[in-house]
Amino acid sequence: DAGVTQSPTHLIKTRGQQVTLRCSPKSGHDTVSWYQQALGQGPQFIFQYYEEEERQRGNFPDRFSGHQFPNYSSELNVNALLLGDSALYLCASSFWGTAQETQYFGPGTRLLVL
Amino acid sequence: AQSVTQPDIHITVSEGASLELRCNYSYGATPYLFWYVQSPGQGLQLLLKYFSGDTLVQGIKGFEAEFKRSQSSFNLRKPSVHWSDAAEYFCAVAGSGNTGKLIFGQGTTLQVKP
Chain A
1 DAGVTQSPTH LIKTRGQQVT LRCSPKSGHD TVSWYQQALG QGPQFIFQYY
51 EEEERQRGNF PDRFSGHQFP NYSSELNVNA LLLGDSALYL CASSFWGTAQ
101 ETQYFGPGTR LLVL
Chain B
1 AQSVTQPDIH ITVSEGASLE LRCNYSYGAT PYLFWYVQSP GQGLQLLLKY
51 FSGDTLVQGI KGFEAEFKRS QSSFNLRKPS VHWSDAAEYF CAVAGSGNTG
101 KLIFGQGTTL QVKP
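Listed in order, the protein sequences are those of chains A and B.
Residues 1 to 114 in our numbering are what the first sequence lists, from first letter to last.
Residues 1 to 114 in our numbering are what the second sequence lists, from first letter to last.
Among these hints, one or two may not hold up.
[As the list claims (entries may be wrong)] The calculated DSBU-like cross-link candidates involving lysine-lysine, where the alpha carbons are at most 30 Å apart (straight line), are: (1) A:Lys26 <-> B:Lys49; (2) B:Lys49 <-> B:Lys68; (3) B:Lys113 <-> B:Lys49; (4) A:Lys26 <-> A:Lys13; (5) B:Lys61 <-> B:Lys113; (6) A:Lys26 <-> B:Lys113.
Derived by calculation from the structure, the hints in this document are not laboratory data.
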């Protein structure tokens, strides 16, 4: 049973560019959440997708957008990249329900913005 | 606002010694509490979680945590640390009304001396 997978594992971009990160949830899961983890910090919630709609959003600008596909996989898009967007981006999947549902995390995509 | 504080940024213990990692949370209602571990270059792995009931919860890898409402704490413990426990540990809280937004602490880095 495959867990949460993310691609690519590493990415280097320059300021002003756009980036797309991808996530496939654990088998049986229908909800995907995205987190940003800056170096030396805990993960911060970006947003969550369920039934192809954004259900919750953290305190991130509109440059951060996402999408969920019918097969429950998801993309995170970041436009107009800033140096401060350099971080590890984590995807977590779960089964839609209550907060008791455990979130399973992928290995992350490390983004470096130069 | 919900928040999580992990007072110890870095802890060093000798192999075989006991371990306690501190976590304090701020949340108005009954929180859902989690401990995750992150090894270098890896995603987050759930160690244990507390939703209700017995305030002492057992997790994987020999870890346990105790929920103390009066102290707003959820400290992680292990009676005997192994070298493989060296990693970053994150405490997180989720509100009962949220279906996935985890609020993480800053993390505690555990170093294990031989």
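| Given the proposed pairing of lysine 26 (chain A) with lysine 13 (chain A), does the C-alpha separation stay at or below 30 Å? | Since the Cα atoms of lysine 26 (chain A) and lysine 13 (chain A) sit roughly 28 Å apart, the hinted pair holds (cutoff 30 Å).
| task | For the pair we were handed, lysine 49 (chain B) and lysine 68 (chain B), check the Cα-Cα distance against 30 Å. | result | It holds: about 14 Å lies between the C-alpha atoms, which stays within 30 Å.
| Does the alpha-carbon distance linking lysine 26 (chain A) and lysine 49 (chain B) stay inside the 30 Å limit? | 19 Å, holds
| request: Mind checking the alpha carbons of lysine 113 (chain B) and lysine 49 (chain B) for me, to see if they're no more than 30 Å apart? | output: 28 Å, holds
| query | Has the given pair, lysine 26 (chain A) with lysine 113 (chain B), been kept, meaning a C-alpha gap of at most 30 Å? | reply | 35 Å, violated
| Keeping to a limit of 30 Å between CA atoms, is the pair of lysine 61 (chain B) and lysine 113 (chain B) held or broken? | 18 Å, holds
In this structure, the one hint that does not hold is number 6.
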